[in-house]
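Engineer: Read off the chains here:
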Amino acid sequence: DAGVTQSPTHLIKTRGQQVTLRCSPKSGHDTVSWYQQALGQGPQFIFQYYEEEERQRGNFPDRFSGHQFPNYSSELNVNALLLGDSALYLCASITRRGNHEQYFGPGTRLTVT
Amino acid sequence: GENVEQHPSTLSVQEGDSAVIKCTYSDSASNYFPWYKQELGKGPQLIIDIRSNVGEKKDQRIAVTLNKTAKHFSLHITETQPEDSAVYFCAASPFSGGYNKLIFGAGTRLAVHP
Numbered sequence: 001d002a003g004v005t006q007s008p009t010h011l012i013k014t015r016g017q018q019v020t021l022r023c024s025p026k027s028g029h030d031t032v033s034w035y036q037q038a039l040g041q042g043p044q045f046i047f048q049y050y051e052e053e054e055r056q057r058g059n060f061p062d063r064f065s066g067h068q069f070p071n072y073s074s075e076l077n078v079n080a081l082l083l084g085d086s087a088l089y090l091c092a093s094i095t096r097r098g099n100h101e102q103y104f105g106p107g108t109r110l111t112v113t
Numbered sequence: 001g002e003n004v005e006q007h008p009s010t011l012s013v014q015e016g017d018s019a020v021i022k023c024t025y026s027d028s029a030s031n032y033f034p035w036y037k038q039e040l041g042k043g044p045q046l047i048i049d050i051r052s053n054v055g056e057k058k059d060q061r062i063a064v065t066l067n068k069t070a071k072h073f074s075l076h077i078t079e080t081q082p083e084d085s086a087v088y089f090c091a092a093s094p095f096s097g098g099y100n101k102l103i104f105g106a107g108t109r110l111a112v113h114p
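Listed in order, the protein sequences are those of chains Y and V. Residue numbers 1 to 113, in the numbering used here, belong to the letters of the first sequence in order. Residue numbers 1 to 114, in the numbering used here, belong to the letters of the second sequence in order.
One chain only, chain V, in its complex shape (with noise of 0.2 Å):
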């Protein structure tokens, strides 16, 4: 079936660490993996997406990376700020004639200290 692993499931750094948060999916026909960020009280906010067809995206801080043959994929954010304190989500998405669901990991707990 469907499914999406996330780990960890809590993370805890330092102001100015990286930070890694891996997935893994289970359905070869995904073919889009986005990230969310989701802060107490309010919905996931789209921060970064990678498509089948590419290795390696980076957008400032934030850079995600796909492996296909192993179906993983990370979001890697650098220089962690206390602002970047949330929620994360990963997800994929078995893209199939136009109708995209999205699978969703458990989400990530990620503490920045100062």
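The shape of chain Y in the complex, shown without the other chains (with noise of 0.2 Å):
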């Protein structure tokens, strides 16, 4: 049973770019929730995908944004990078059938220079 998947591992870019960050969810799971992790603080709620749409998000700016396809995977978008975006980027999945258990995957580890 394969657990929630990342990628890429690490990714530094540099200030004004764009990223995208990708997400498989845990087999059997229909949706993905996306954190940002400063370094020595708790996840921070950016949004959450279900049914290809997001149906709650976090205090994040528009230059976030998301998408879900039909496989239940899911990318994560920011533009305009900042240098404050430098975080970890984890990625958490659940099922709605079940319980409110929610499995996060490694992380992305974004470097902003």
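Read the hints as simulated data drawn from the structure, not as lab findings. Ideal Cβ positions, reconstructed from N, Cα and C, are used throughout, including at glycine. Do not take every clue at face value.
Only pairs whose alpha carbons sit at most 30 Å apart, straight line, appear in this in silico BS3-like list of lysine-lysine [as the list claims (entries may be wrong)]:
(1) V:K57 x V:K68
(2) V:K58 x Y:K13
(3) V:K71 x Y:K13
(4) V:K42 x V:K22
(5) V:K37 x V:K58
(6) V:K22 x V:K71
Listing some non-contacts, in silico: residues in chain V with all C-beta distances to chain Y over 12 Å [what the hints assert, rightly or not]:
(7) E2
(8) V13
(9) E15
(10) S18
(11) V20
(12) K22
(13) N31
(14) G41
(15) K58
(16) R61
(17) K68
(18) A70
(19) P82
(20) A106
Two chains, two frames, a set of hints: combine them into the complex.
Structural biologist: In structure tokens:
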């Protein structure tokens, strides 16, 4: 049973550039949430996708956008990168059919220079 | 607003001692409270959770307690081992209509010394 996978593992970008991060949920899960974890802090909720639509959004600007595909995988896009966007980006998968448990992937470490 | 406070930020114990981490949440609509363990370079791993209709839950050396009236919940680790060393996060989820985002605490760095 495959767990949550994310790609790439690490990424270095320059201010002003755009980045796309990818996530494949755990087998049997249909909902994906994205979180940003700055160094030394707890993860912060960005948004959640279910049935290919954004269902809930945290306090993040429109530069952060996402997409969910029919196979439940998801992408996180960040435009006009700022130095403050440097963080670990985590994907969590959930199934609506059962309990509330959310399982996290290993994350993508984004560094903006 | 939605907020989760977690204490202490660091905790150092001797192997075999107990460790307790405490969290307070602000949103009274929260009804799901997971705990995650995060090791260096890895994503958070769900170790135990509790729902609002339960006051206590145990799983081997780990236990969680919930006081909904006081909006407090705690993680208890007994007989600590060096492999318990990690950063622990509490979270609260204001589950509503199926959209269950997690609000995390700032984390507790636990060090277990042999």
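Engineer: Does each hint hold? Answer for all of them.
Structural biologist: Against the structure, the hints:
no., hint, verdict
1, V:K57 x V:K68, "14 Å, holds"
2, V:K58 x Y:K13, "44 Å, violated"
3, V:K71 x Y:K13, "41 Å, violated"
4, V:K42 x V:K22, "23 Å, holds"
5, V:K37 x V:K58, "16 Å, holds"
6, V:K22 x V:K71, "11 Å, holds"
7, E2, "9 Å, violated"
8, V13, "21 Å, holds"
9, E15, "26 Å, holds"
10, S18, "23 Å, holds"
11, V20, "18 Å, holds"
12, K22, "15 Å, holds"
13, N31, "9 Å, violated"
14, G41, "8 Å, violated"
15, K58, "17 Å, holds"
16, R61, "20 Å, holds"
17, K68, "16 Å, holds"
18, A70, "21 Å, holds"
19, P82, "22 Å, holds"
20, A106, "5 Å, violated"
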